[in-house]
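Starting from the known structure of chain X, fit chains D and R onto it as the hints suggest.
Residue numbers (my numbering), protein chains in the order written: chain X, 1 to 160; chain D, 1 to 284; chain R, 1 to 770.
None of these hints come from the bench; they were simulated from the model.
Values in this document were obtained by computation on a predicted structure and should not be read as measured data.
We put the CB at the ideal spot given by N, CA and C, even for glycine.
Mixed in with the good hints, there may be bad ones.
Claimed, not checked - Which residues of chain D face chain X? A partial, calculated answer using Cβ under 8 Å:
id : residue
1  : Pro3
2  : Tyr8
3  : Tyr105
What the hints assert, rightly or not - Simulated pairs of lysine-lysine, DSSO-like, Cα-Cα distance not exceeding 27 Å:
id : chain 1 : residue 1 : chain 2 : residue 2
4  : D       : Lys97     : X       : Lys119
5  : X       : Lys147    : R       : Lys641
6  : R       : Lys641    : D       : Lys191
7  : D       : Lys67     : X       : Lys147
8  : D       : Lys67     : X       : Lys119
9  : D       : Lys191    : D       : Lys97
10 : R       : Lys90     : R       : Lys426
11 : X       : Lys119    : X       : Lys14
12 : X       : Lys157    : X       : Lys147
13 : D       : Lys67     : D       : Lys97
14 : X       : Lys119    : X       : Lys147
15 : X       : Lys119    : X       : Lys157
To be verified - Here's a subset of chain R near chain D, in silico, CB distances under 8 Å, partners left out:
id : residue
16 : Tyr317
17 : Gly477
18 : Gly633
19 : Thr634
20 : Gly636
21 : Leu694
22 : Thr697
23 : Asp700
Each chain is listed here by its residues.
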Amino acid sequence: MTERRAITLSVNGKDYPVAVEPRRTLVDVIRDDCGLTGTHIGCEHGVCGSCTVLLDDEPVRACLMFAVQAEGRRIRTVEGLQQGDELHPLQQAFMRHHALQCGFCTPGFLMLAVGALEKRPDLDDEELVEMLSANLCRCTGYENIVKAVRAAATEMKARA
Amino acid sequence: MKPAPFTYHAPASVDEAVALLARWGPQDGRVLAGGQSLVATMAFRVARPAHLIDINGIGELAHITIKDGVLSIGACVRHAAFERNSVPGPTGALLRKVVRNIAHYPIRTRGTFCGSVAHADPASEWCCVMAGLDGVVVLRSSRGVRRLRAEEFFQGVMATALEEDELVVAAELPLLADGTRTGFQEFSRRKGDFAIAMALVCYRLENGMMIEPRVAIGGAEAQARRIPQAEQALRGRAPGADVFAQVGAAAAAAIDPLEDINNTAAYRRSLVRALVERALESAQ
Amino acid sequence: MTIEAERWIGASVERLEDPPLVTGRGRYAGDMAFPHQLHMRVVRSPYAHGIIKQIDRAEARALAGVVAVWTAADIADLPPIEFREGPIAKLAPFRQRVLAGNRVRYVGEPVAAVFATDAYLAEDAAELVRIEVEEIDPILDAAATPGEFAPGLTTEPTISRQGYGDVAVGFNAAAAIVELDLTIGRHSGVPLETRGAIGRYDAARDVLELHGAAKVPHRNRETLAQMLGRSTAALHLYEGHVGGGCGIRGEIYPEDVLVLVAAMRLGRPVKWLEDRREHLMAANHSRQQRHRVRAAVDTQGRLLAIDDEFFHDQGAYIRTHAARVVDMSSGILPGPYRLPHYRANGHFRLTNKTPAATYRAPGRYETNFVRERLIDAIARKLRISRVEVRRRNLIGPHEMPYERPLVALGDEVVMDSGNYELLLDKALARAGWDALEREVARRRAAGEYVGLGLAVYLEKSGLGPTDGARVVVHTSGDVEVITGGASVGQGFETVMAQVCAETLGVDYRRVRVVHGRTDRIEYGIGAHAARATVMTANATAAAAANVRAKALDMAAQLLQADAASLTIAKGHVVRCDGAGASVSLGDVAHHLRPTSSTRGARAPGLAADGWFTTAHMTYPYGVQIAVASIDAGTGGVRIEKMLIAFDIGRAINPMLVRGQILGGAAQGLGGALFEEFQYDERGQPVSVTLADYLLPTARDVPVIDVLLTEDAPSTCNPLGIKGVGEAGVAAVGAVIASAIDDALGGRGDITRLPITPQFLKAIIDGHRAT
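The following block holds chain X by itself, in its conformation from the complex (with noise of 0.2 Å):
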């Protein structure tokens, strides 16, 4: 057991002031420490992207990086998409199209894909399947996850 750390991390807008060892990941100290466990673990060693979090708008695996490494970096997990009651279009797009079975997978997806689409809103359909190939599904078999991709990138570009 080594010394902790006393950083704060800035998640979805909030601070989370936190005491850590520098050993304990990032995933694990936002899900234990922040109390935000949509973030979920499917590995630990990075293959999987179930912990994918947006660090500075980008898409990173947060079971590849230390907790200590985060502070004064911009956090967003799947918790903080949702603006009020109304869902990202990401979200209402998962469920009208079926992109989810168990859910674990599921946040990692949906922030693998806002980190995307918000930096490049026009993927084509390869580009598409190209990025969600990042990350690991068990249930569906990736169509619907797919076809919601595809759909939510229309309703995002519409809106901007």
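Chains D and R only, in chain X's frame:
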């Protein structure tokens, strides 16, 4: 899969980082850059550094610069930097072709070019680029600066000439001449997986003949390198399917392939043959 | 104007489960935390086989924050983990103990357990536990001569023998015989959420709780209660959100027992979360079988006999499923074909690998591959088209119900309804088979390696015998359906809500479905073997129908009308002709409350139970078609087209049905091309990360055409449903093997799954050399 404990340091300058490495390098200290390889190995507790020196806060390491025909890539430059048009000319075109093969988008957001070079996984695309373009690794320690050519730096599977108190501060690539054609092909079980083999080719056309050939193979041997026999088969010939096939055959014959539970030497040879051919066919 | 009740059955409505899941408000095992909880970390054997000499835990115990370190000696009173269906004397000696006693039998076997105040610390401590083992050579080949499990016991606990007729007669009469040696590689469900469990002892009520349960909470409660010597009234299981079952979750594992015992003995809740590396070597494996199989046919390619000697690689112990998977395999191999003589000897063999059990479509993924390879080989040998050979052998609709003297899941095989040839025709037409054949021929002539694959298969679902549900209408008008079901993410709640809503006459969004809670209903079948929709939906319909009758009876009094002239629509009891007043179900419930003066002699409450009993499983069926091409330079495979045609009997929610099929198909693709648990010669597992064990990504799964038909509703249940949970995955290995084999020229090269690029490249290079 939680990492073993370590003491964390976050230097703000290269000097600070070097001083920390001088002190802690010999005591199980490691540098943390992108962390996409290191943190995973720490999760498995295969790597258990007692000290982590996080260089992500060092602004001076985050730059790509071009000077005197040399592209200098700072230690904190992410893979994703090469997806954009940040490097001009044929070198930039080659880097853009290569980067698409590296893992996946969120990994490319964090992982670094130099980190990949220092890690020296045989399947590293950037190591193949360094070998293929005769790159130079710039190392700093409290003892000074060393500049090692790729073939001196890479010493085998995950093995390099990096001393325990040294920091890779940059990787340098001599810019390819205008008009150089480049090609890159790799094969893996799924796209984004560790490559089983990869081929990088460059040449210029002069009077319809291929000159200044470069053929580098990665993923198939303990370290990426240029294959002189393959380059010889290219030199002074006109591009065409027959020539490309000969180059592929020469490369396949010349390598000493790695073997693992899923990939025989014979398979890697046949892959190299096909990938070299395709890299040449696609070179532009 | 007449009132029409809303139709929910057959509607692709959005799922009730989704809102919390898309907003990050799910409650998976890892998300649950109890005050003062301890974290458990299991110390696992690093050896495949050996005698335990010593376990040194002093250093681990001494670490600050470590509360206890247990070995087998600390839980010596615990019996081995029992089989789910109850004791089986012959197989009992091969059960797994919660912690290894004197012997370790697979890398990953739990040997000790550390209990500490946080998970990082627990892992630190676990590393300090030293296990000294005198190694024994591991047994790694299930087809080799059995070795010794223990003095007096070999590594072949049993042979599953099924058959009928006399295969010798069939072979003697044969015009042609094909003989194949086929292997399915070891792989398994690998859901995205790893296993997890929290044990908690509520001392105030003397109730022991297991949180993070899944799949079969009521059955597991019984088994656990017996193991721990507790009454089922004092042990409850709670299912939260579950990140995929795939067949591997919800079986009683050593860790589930440990957290319960530790919660009691240590007086604090005990939380255990498995990491991915552990999962790949400790959660149930599956699928690995080797079949030495022969088939005899007449001159027309009609099957006369199949004789199968196969070896099922069970791994180190027999777990909760006992021998069900090997029995299922031998029982269902003939599939949808007429077969006069059959013999299957399934050698159930133990090896020093992670124990195996069910994975979606257990016994069928394997035997569909075997059977369809046989059919393709027959077609090749007799030079008859692969389509025609199947036509000649398919059982016809006029032969239904078709009894095969075999047993699967303890049930006789009786195919209730089906028109296999009709589905085959529909699938061929939908895929454009003839045009595909021409296209493939053209591309082959141009030098490409491309092929067409076909598989016809029988599925099973709706294992009974009985399930019950309770429907309660609250005075608010909201409806609760209390089931003994379980959700692993398949949309269980939505489907039950749809059935209840249509039967009762309410909006499905006003229906809450309770599942996975042994404290809410005494009996339950959980959700597995594609039975939830068949069994629980029918029970729900029965309960809802009973509530409907009660509502109409009470409303008749309130509305001064004949019950027969009333109906329920949108939560209101109304007159069928739309005239006159109406009364809401909530108000009816109000009038039925115990203190109501209008209730009269009626039983209080607008609630009722309903039961559904079935004599037999029901047998849906499908056809799969695929187009595959091989990159001659690398051996890489591209599945260009895929069609899955399936007769579902009746689809309650076609969107969810389609989702199940697509998801299963992706898993099937994984088993055909990517996934395998590999071991080295010392029995060390090689596939212990997701970089080694390859799951398909969005780029790897082709767009799949799904054709759902409802031509043969089940005769086994009033709703006519056949389950679909395992429909997508079951024949994917078979159809991809068929397509790739065809791409290589149809010479029978494909005898093993998974099919790797290296393997294909060697064959192609070999072809080119000759």
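Taking the hints in turn, this is what the structure says about them:
Against a cut-off of 8 Å between C-beta atoms, the interface hint on D:Pro3 holds, since the closest Cβ of chain X lies about 5 Å away. Using the Cβ-Cβ criterion of 8 Å, the hint placing D:Tyr8 at the interface with chain X is satisfied: the shortest such distance is roughly 3 Å. With its C-beta approaching chain X no nearer than about 5 Å, D:Tyr105 sits inside the 8 Å limit, and its interface hint holds. Straight-line distance between C-alpha atoms of D:Lys97 and X:Lys119 comes to about 21 Å, which keeps the hinted pair within the 27 Å bound.
Distance restraint check for X:Lys147 and R:Lys641: the Cα-Cα separation of roughly 18 Å lies within the 27 Å cut-off, and the hinted pair is therefore satisfied. Between the alpha carbons of R:Lys641 and D:Lys191 the distance comes to roughly 19 Å, so the proposed pair stays at or under 27 Å and holds. In summary, the hint linking D:Lys67 to X:Lys147 is not supported, as the alpha carbons are separated by about 46 Å, beyond the 27 Å threshold. This hinted pair does not check out: D:Lys67 and X:Lys119 have alpha carbons roughly 30 Å apart, beyond 27 Å.
Distance check on the hinted pair: D:Lys191 and D:Lys97 sit about 14 Å apart at the alpha-carbon level, within 27 Å; holds. Under the criterion of a C-alpha separation no larger than 27 Å, the hint pairing R:Lys90 with R:Lys426 is inconsistent with the structure, at around 47 Å. A threshold of 27 Å between alpha carbons decides the hint, and for X:Lys119 with X:Lys14 the separation of about 23 Å falls inside it, so the pair holds. For the suggested pair X:Lys157 and X:Lys147, the alpha carbons sit about 16 Å apart, so the restraint of at most 27 Å is met.
The suggested pairing of D:Lys67 with D:Lys97 holds, with an alpha-carbon distance near 23 Å, which does not exceed 27 Å. Restraint check for X:Lys119 and X:Lys147: the C-alpha separation of about 19 Å stays at or below 27 Å, so the hint holds. Of the supplied pair hints, the one linking X:Lys119 and X:Lys157 holds, its CA atoms being roughly 12 Å apart against a limit of 27 Å. Using the Cβ-Cβ criterion of 8 Å, the hint placing R:Tyr317 at the interface with chain D is not satisfied: the shortest such distance is roughly 25 Å.
Annotation: R:Gly477 was flagged as interfacial toward chain D, and the flag is violated, the nearest CB pair being 46 Å apart, outside 8 Å. Given hint, R:Gly633 at the interface with chain D, holds; its Cβ is 3 Å from that chain's nearest Cβ, closer than 8 Å. Interface restraint check for R:Thr634: the shortest CB-CB distance to chain D comes to about 5 Å, inside 8 Å, so the restraint holds. Restraint check, R:Gly636 versus chain D: the minimum CB separation of about 7 Å is within 8 Å; hint holds.
Below 8 Å, beta-carbon pairs count as interface contacts, and R:Leu694 has one with chain D at about 6 Å; its hint therefore holds. Hint on R:Thr697 holds. Least Cβ distance to chain D is approximately 6 Å, under the 8 Å limit. At a threshold of 8 Å, the smallest CB-CB gap from R:Asp700 to chain D is about 6 Å, leaving the interface hint in force.
In this structure, the earlier hints numbered 7, 8, 10, 16 and 17 are contradicted, and the remaining ones agree with it.
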